[in-house]
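Chemist: Residue numbers for the sequence shown follow the working numbering, beginning at 379 and rising by one.
Rather than coming from a laboratory, the hints here were simulated on the basis of the structure.
Yeah, the Cβ is synthetic: ideal placement off N, Cα and C, and Gly gets one too.
There are no misleading hints in this set.
FRET-style restraints, in silico, Cβ to Cβ:
no.: 1; residue 1: 599; residue 2: 692; range: 45 to 51 Å
no.: 2; residue 1: 715; residue 2: 660; range: 18 to 24 Å
no.: 3; residue 1: 492; residue 2: 621; range: 42 to 48 Å
no.: 4; residue 1: 477; residue 2: 586; range: 29 to 35 Å
no.: 5; residue 1: 445; residue 2: 715; range: 34 to 40 Å
no.: 6; residue 1: 457; residue 2: 416; range: 17 to 23 Å
no.: 7; residue 1: 715; residue 2: 397; range: 35 to 41 Å
no.: 8; residue 1: 660; residue 2: 441; range: 39 to 45 Å
no.: 9; residue 1: 477; residue 2: 407; range: 44 to 50 Å
no.: 10; residue 1: 439; residue 2: 407; range: 37 to 43 Å
no.: 11; residue 1: 644; residue 2: 382; range: 25 to 31 Å
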Amino acid sequence: MAHDFNNLLTAISGHCDLLMLRHDAGDPDYGDLVQIHQNANRAASLVGQLLAFSRKQTLSPEVLDLRDTMGELAHLLDRLVGERVRLRIRHATALPPIRADKRQLEQVVMNLVVNARDAMPRGGEIRLETEAVQLTREMQRDRAVVPPGPYALVRVRDEGEGIPPDRLAKIFEPFFTTKRPGEGTGLGLSTVYGIVKQTGGYVFVDSTVGQGSCFTLYLPAYLGAVLPVSDTAGPEVEQAPDCGVVLLVEDEAPVRSFTARALRMRGHTVLEAESGEEALEVLADDTLAVDVFLTDVVMPGLDGPGWVSQALRTRPGTRVVFVSGYAEDSFAEIRARIPNSVYLPKPFSLAELTAVVQRQLRAGARPVPKGGTQSLDTPS
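Please model the complete structure; the sequences and the hints are all you need to start from.
Modeler: Take a look at the structure:
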């Protein structure tokens, strides 16, 4: 479902981007185009929440200090809770670092805080707390088994109405909500669950009717070394070419049409194919130079990784951009198997598409001192 919907949304928002380039803000039609674009983005966000619940998101984990992350989020959280609710933040000392996707972790905390706010329609206090915990033995709770080891805990407590016991087991299910129609999608807590589980953590809830609720996140402590950021400048290089030859392989005609037009507008030469087999036929011409392969992952017949693996035997070093309507669990394995490859999730905007292709094109240029020569398609 996510794959098919994101293909449709890529075509809708992409062609909308193309139209917006031909209208300025004073045009009577510009406001309608903005509405189309915003609603396509809302639809994409809903699909993203479903992917979060099913733990199929593309995460960009990094080593985080929870105190810094919560500190940067504090101002936004204050605005979210409103005037009748007080937000108290308390951090533990000696809090261990964690490894997580910062943007997704912020989404988790925001969802929990908003949920706590909505549970207190007459106002009250929300407490956001962190704690360092060392489990000496495995902990079993709510059909989950938490392995022993160090954890960073995040708690969100409210003084709200509480959750009845018969509903407590369902709160993380997609589309389950106790709010009135139009007040929520029922995906907030299911998104929290999916993100935390995909990060390797656990989420539990304690609630008493009439007294409030407490959501607790167990996030594994990061035990690896934190590498210092080097400020040593690399060798001075000439600017890589801004335009290149892109082989676009996409079986969905509307998506292929938008993608090809967007790249040609940026000055790239685009070769189109609607299948992996057709792409290999195009590459049979040894005189044809190609800088970047841009391909869908899932296609009938030869899939993206399949035809790219064959093509790289005769064209090693070619940069690759994989796109897909959903994040596959196996993409890490694909990236390890196919060098110089990056992933672009659908739906993508015109700006995101051209930026990724530009980065791959520049990464394919060999750094040389100024005044030297450069070569594209260099094996790495």
